[in-house]
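Each chain, letter by letter, is given below.
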Amino acid sequence: MSVDNDMNRTEDALKRVLRRQPAPDSFADRVLARVAERNSAESGRGHRDSWWCVFVQPLVRWATATALAVALVAGGLHYRQVQYDKAERERAQGEAAKQRLMLALRIASSKLQLAKSKVNEINADQAGNREEKE
Amino acid sequence: MAEPLPAEKAADIAESDFAEIVRRHQVMVYSIAQHFLADRSAAEELAQDVFLQLHANLASLKSDDHVKFWLRKVTGHRCIDYKRRRGLPQVALDDVPECAAPAEAGDPLLSRRLRQLVASLPEKPRLIVILRYQEDMAAEEISNVLAMPVATVKSHLQRSLAMLREKMTRALGEVTI
Chain E
0 MSVDNDMNRT
10 EDALKRVLRR
20 QPAPDSFADR
30 VLARVAERNS
40 AESGRGHRDS
50 WWCVFVQPLV
60 RWATATALAV
70 ALVAGGLHYR
80 QVQYDKAERE
90 RAQGEAAKQR
100 LMLALRIASS
110 KLQLAKSKVN
120 EINADQAGNR
130 EEKE
Chain B
0 MAEPLPAEKA
10 ADIAESDFAE
20 IVRRHQVMVY
30 SIAQHFLADR
40 SAAEELAQDV
50 FLQLHANLAS
60 LKSDDHVKFW
70 LRKVTGHRCI
80 DYKRRRGLPQ
90 VALDDVPECA
100 APAEAGDPLL
110 SRRLRQLVAS
120 LPEKPRLIVI
130 LRYQEDMAAE
140 EISNVLAMPV
150 ATVKSHLQRS
160 LAMLREKMTR
170 ALGEVTI
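First to last, the sequence lines map onto chains E and B.
0 is the number of the first residue of the first sequence in numbering that gives the first Met the number 0; add one for each residue after it.
0 is the number of the first residue of the second sequence in numbering that gives the first Met the number 0; add one for each residue after it.
No wet-lab data here; the hints were simulated from the structure.
None of the hints are false.
Below, simulated BS3-like cross-link-like pairs (lysine-lysine); rule was C-alpha separation at most 30 Å, straight line: (1) K123/B / K82/B; (2) K61/B / K123/B; (3) K72/B / K14/E; (4) K14/E / K82/B; (5) K132/E / K115/E; (6) K110/E / K97/E; (7) K153/B / K14/E; (8) K67/B / K82/B; (9) K153/B / K166/B; (10) K97/E / K85/E; (11) K123/B / K14/E; (12) K153/B / K72/B; (13) K72/B / K61/B; (14) K67/B / K14/E; (15) K14/E / K166/B; (16) K117/E / K132/E; (17) K166/B / K72/B; (18) K82/B / K72/B.
Here are some, though not all, of the chain B residues that point toward chain E, as calculated from beta-carbon distances under 8 Å: (19) V21; (20) L51; (21) V117; (22) L160; (23) M167.
Idealized CB from N, CA, C, for every residue including glycine.
Okay, chain E solo, but in the shape it has when bound (with noise of 0.2 Å):
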């Protein structure tokens, strides 16, 4: 009974502690002027955005959708015969490089076996001449 007691006295100093506190003067005044302030940033910044209102129509938004996949498709098939494009331009130089080079070896052992017929004979002639001698 007592506790009960104190817990009403509780709950009655508590209603009358926590009762409503009057707002600070001229509280309604400066919501009301950050309202205004923030309406008149929003429409500044509004106008400046209108443009990309457009995009809030769906047909807009897909035709955007499908434009920008289309691009990237064609722009990863244009990237990819490019790279193609290099791939052969970069094998027909090695392929021409081999020719050449195997025309300088051609034409140096060609070169290489005159020589050497060249010597041969300077040393049969030697030989010959040795042989009169004797």
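Fit chain B to the supplied structure of chain E, relying on the hints for placement.
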């Protein structure tokens, strides 16, 4: 019964209607924040932010009861968020300032001590106690506003009351409530 807003549909609320809503509910919002934060300037800043958020959400509110429910919910959550964000320490019993309330009936020393004890409660129980005794809300209403089970609200209330009664008795010694 819900008191109708000045304009029939909230979506059509004009700036002047919003001003009326602010004037009608400023005491409630400010008081919840003031009792929770025990800091007048922080309470005013928070209350202003709540009304700015209300202005941005006016189109979704349909009646004055709905506005009041929304204000209590947002104010409560913002109070808890504010405290957590700022990492405010638990208010020491002797640091709670006197409120600017008119002279109170009853023992002023007891009222001051009780206000300090309320300010020292953990966040959710404190908010529940404030909504219960400042706004005279039932546990069911508080559970709706704070989105928590009724049993939890009742449990917080009972424990807070018991704790407040015990601490009051201990703090004031012979003085009874």
